[in-house]
Amino acid sequence: MVYDICGIKLRFEYNYPDFFASRIKGYEDPGREPEYHMDVHIVGSINPPDAKPVLCYHDRTVMHGDKYEYIVKMDSAEEITDLIRFTTDLRRIDIFLVQRIGKRLPEVEYLLSGMMFFEIAIANGMIPIHAAAIEYGGEAILFSAPSQTGKSTQAELWRRQLPESRTLNEDKPLLFQKDGVMMAGGTPWSGKTPENTNLTAPVKCIVFLEKASRAELVSLSNQDKVKMFLRNIHRPREEGKLAFVLKAIESLVYNTPVYLFKATKETDSFTYLYHAIYRGDHL
Amino acid sequence: MKIKHGYVLRKVAGENIVVPTEEAALNFNGILTLNETGKVLWERLQTGASKGLLVDTLVDRYEVDEETATKDVADFIKVLKGKNILDE
Numbered sequence: 001m002v003y004d005i006c007g008i009k010l011r012f013e014y015n016y017p018d019f020f021a022s023r024i025k026g027y028e029d030p031g032r033e034p035e036y037h038m039d040v041h042i043v044g045s046i047n048p049p050d051a052k053p054v055l056c057y058h059d060r061t062v063m064h065g066d067k068y069e070y071i072v073k074m075d076s077a078e079e080i081t082d083l084i085r086f087t088t089d090l091r092r093i094d095i096f097l098v099q100r101i102g103k104r105l106p107e108v109e110y111l112l113s114g115m116m117f118f119e120i121a122i123a124n125g126m127i128p129i130h131a132a133a134i135e136y137g138g139e140a141i142l143f144s145a146p147s148q149t150g151k152s153t154q155a156e157l158w159r160r161q162l163p164e165s166r167t168l169n170e171d172k173p174l175l176f177q178k179d180g181v182m183m184a185g186g187t188p189w190s191g192k193t194p195e196n197t198n199l200t201a202p203v204k205c206i207v208f209l210e211k212a213s214r215a216e217l218v219s220l221s222n223q224d225k226v227k228m229f230l231r232n233i234h235r236p237r238e239e240g241k242l243a244f245v246l247k248a249i250e251s252l253v254y255n256t257p258v259y260l261f262k263a264t265k266e267t268d269s270f271t272y273l274y275h276a277i278y279r280g281d282h283l
Numbered sequence: 284m285k286i287k288h289g290y291v292l293r294k295v296a297g298e299n300i301v302v303p304t305e306e307a308a309l310n311f312n313g314i315l316t317l318n319e320t321g322k323v324l325w326e327r328l329q330t331g332a333s334k335g336l337l338v339d340t341l342v343d344r345y346e347v348d349e350e351t352a353t354k355d356v357a358d359f360i361k362v363l364k365g366k367n368i369l370d371e
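Chains as they are written, first to last, in this note's numbering: chain A, 1 to 283; chain B, 284 to 371.
This is chain A alone, in the form it adopts within the complex (with noise of 0.2 Å):
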């Protein structure tokens, strides 16, 4: 099936409904030519790549071999328990998960699958972030910080008092530049909950969550605005890409609302955080 993710063509065959049935539907457009291909194979062993290893990080291993990249990861035993194989520019990634990884098989094809395309998403000029990002009256408004902080909460919280809202994504929306306006997108790769919607809007604000028992607003410097943004944002390893993602935290702390703002599980909350967007209160 052909996804349309964020202007992404994406041909894109997944093997469980586990994680994507409830995801991916909405970015269907079969009728379209895709630009890339991602395919995940469960197979019975992996043999190891004829390729040389570049880089090891956590339990992984980047290889590059003459025609192809790799990212392998091994078990205890040193056998191959998944590998993902790629060329440079991405347009074809085949994945490779051993069938003995059992009843993980679907959350390591979904995290695998999205680790891949959020590199796709980079390589078009987009930016992975941190956050729960929900859409209102034409624009987005996300709110951003580690696990455990919030996020969702605050989302669910926008929901609740605005039913006319709708979740971008709750976990990893992408942030780009279209005619020179800064605009979040919703993706199938959405975190623990399935929230997320085949829609784009302009951003109106960003918000930093930090957990409090009273709700307050506190203005950021544009040192702390890129320290948050280099916190939360998916940052790549490779220095080119990196210096792209660096101009669009320049670009966003110059240019996009940024706030702080320490949060309570309240409506309270959520009021407040209201009144100081729309209304300018708090500011």
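Don't read these hints as lab results, they were simulated from the structure.
Fair warning: there could be bad hints in the mix.
Some but not every residue of chain B turned toward chain A, in silico, with C-beta under 10 Å [unchecked claim]:
| # | residue |
| --- | --- |
| 1 | Gly289 |
| 2 | Arg293 |
| 3 | Lys294 |
| 4 | Val295 |
| 5 | Glu298 |
| 6 | Pro303 |
| 7 | Thr304 |
| 8 | Glu305 |
| 9 | Ala308 |
| 10 | Leu309 |
| 11 | Gly313 |
| 12 | Ile314 |
| 13 | Val362 |
In silico BS3-like links for lysine-lysine, alpha-carbon gap of 30 Å or less [to be verified]:
| # | chain 1 | residue 1 | chain 2 | residue 2 |
| --- | --- | --- | --- | --- |
| 14 | B | Lys366 | B | Lys354 |
| 15 | A | Lys247 | B | Lys364 |
| 16 | A | Lys227 | B | Lys364 |
| 17 | B | Lys366 | B | Lys294 |
| 18 | A | Lys73 | B | Lys366 |
Ideal placement from N, C-alpha and C gives every residue a C-beta, glycine not left out.
Starting from the known structure of chain A, fit chain B onto it as the hints suggest.
This is chain B only, laid out in the frame that chain A set:
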């Protein structure tokens, strides 16, 4: 002393930011923000410099006394060593 390979210094929104790339990102996943003095010292250390040279650089450029410059350089080096991003 020299900054290890893989750390890049960039100006972002007027701020001097050091970000690790490639394998350096595995050693240190954070960022450093540098003031103007830190930037000057960092640039010296990218090509390699002794403590003495760093102190002289600050004295020459900022007209601070040697004692102050020595303390600033020591503090800066301590931070970099603490993050394991400096080769002796």
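Against which earlier hints does the structure fall short, listed by number upward? 13
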